[in-house]
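**Q** Take the sequences, apply the hints, and build the full model.
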Amino acid sequence: MDVSIEPVTEVVEDEFSSWFALAEPRLRAALVAEFGADLGRDATAEAVAYVWEHRDRVLGLANATGYAFRVGQRWARRQRSRRRAGFTADDTTHSSPGFEPALQRALAGLSTRQRQVVVLCVGYGVTHAEAAQMLGISRSSVQNHAERGLRHLQNEVGT
Amino acid sequence: MNALDERIRHHIDALAAPVTLDEIIDPSPVFRLDQQPGRRRPTRFVMSAAAVVIAMVGVGGIVAIRVAQPVTESRSDQTSVTEVSAADTVPGPESTPMIEAVEADVPVYTADAAIQPQELIETDTDWNRIEHDGFEAAIASCMDAAGFSYVSRPFESGPSIPAVRDESYRRTYGYSVPASAFDADAWARFEAQLDDPRFKTTFMGDGDEQAGGCQIQALHQLYPPNGWRVPPNNDQFLDALNDWYTSMQDDPFLVAAQQDWSNCMTDLGYRDTNGDPYPAPDALAMHILQTEHAGQNEEPPTPSEIAAAVDDWTCQRHVDFVNRWYGRQQELTADFASANSDLISSILAWQAAVADRAQAATANLDNP
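So the protein sequences, as listed, match chains A and B.
Just so we're aligned: the first sequence equals residues 3 to 161 in this note's numbering.
Just so we're aligned: the second sequence equals residues 1455 to 1822 in this note's numbering.
If you are wondering where the hints come from, they were derived from the structure by calculation, not from laboratory data.
Check each hint, because a few of them may be wrong.
The calculated label-pair distances, taken between Cβ atoms and stated as ranges, are [as the list claims (entries may be wrong)]:
1) B:PRO1733 / A:PRO99: 55 to 61 Å
2) A:SER142 / B:GLU1785: 26 to 32 Å
3) B:SER1792 / A:PRO103: 37 to 43 Å
4) B:ALA1806 / A:ARG141: 52 to 58 Å
5) A:THR114 / B:PRO1678: 48 to 54 Å
Built from N, CA and C at the ideal position, the CB exists for glycine as well.
**A** Given below as structure tokens:
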């Protein structure tokens, strides 16, 4: 191995680590909101692994997180035909601190897109522009989904 | 009470714990350029068994008419169907069709949806067995009444489809179906009885379609009103199917998938006899079956056939052909199902009626 190449490698690793720290919570939030806890998390892991394997190219994309989201989405859709999965109100198997059955029911009552937008923008502080880029929809759509979803959520669980 | 944003974030974290790099990437080789980092969960690039099964549907009709013996060679150094010797590796890692497919929002293949419209009316092995037994029972009853003991044709469900459509199978049989898939002795017993001219006339008739032999009578008994073993509205279905195939030819997703596969095979040195690239996997399979074994169906597949079948499969995986090609076909088939729902329902009803009549014929033979 040519030792002189190592610094370049480390730059790539640093870039990946930086991307991962920012992108993982967003990816997981969006994918869990669409596919439910188990499949959504697995899809996040698959998407991250894919970006790692193709980091030289993917991290150079303008919208690497949006790209990773679609990788995870595609993977999860394939798996869904073999696994019963989705964001359901009766998912009461979680007993970790922070899990709220009422919030689960309220989130399950949203459309998939509303849920993704609310979780990303309200829960994780992602801007409407960033959510639009990641989900591949327009900013005005994000605005609409956020407003409707938030209104529904506030009615269900309060603030 | 926490603010809603905190509650949502904590709730999602409680639902699904954060993904860590440790569970994705093997730590030991991560920072070395001369090794690819390992992964503990390499599921994404491993084609599912179901995808493998479906992948060769296009040449299924071809292999079904082919009889051959296995060969032991796994690979030749040069193939007779190529102008350039085939390499052992596919094009380099800079070609990443997965990335292009994701960016193009290519449809996703799912194992449990019909790929082609024919599957919407396709009968399963159980139905085929009932239909076969009923038809043969109807013939046997007729022949028995004429004083003959009838030996039925053997039932053949074909070789195991998964066996035909995986890489190890291709390494053994190429595009062929092994002779062991057919019960040659049973067919010999059936054909031997036709050597008796009186038996043959009773069985097949004397050329008079209306007053024909027991076989014609059985056809009219099981498949009214015209005695054909296809639904009465089969022509209508075929017309719709023809339109479906026509629409496929211009579909950009399918065209791109074929082109990528063709480019990959071209890179491996495959050309047809005019020096042109093969446009699709089916075209390569057809070419090989027509040129390498023409008129020699009992011959085993040659090493070059094995090599081509394996290279074809390698390229299909390399360009994500299964997902792109069959995912899009499934979308088009869903459109077909919506547009022709009445026609499909009527064909399925006809099949159910045939099964009822076949079971009655079998019961009648068992309990005369």
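**Q** Could you run down the list of hints and mark each one as holding or not?
**A** Hints, verified against the model:
no., hint, in the structure
1, B:PRO1733 / A:PRO99: 55 to 61 Å, "holds, 59 Å"
2, A:SER142 / B:GLU1785: 26 to 32 Å, "holds, 28 Å"
3, B:SER1792 / A:PRO103: 37 to 43 Å, "holds, 39 Å"
4, B:ALA1806 / A:ARG141: 52 to 58 Å, "holds, 53 Å"
5, A:THR114 / B:PRO1678: 48 to 54 Å, "holds, 50 Å"
Violated hints are absent here; each numbered hint is respected by the structure.
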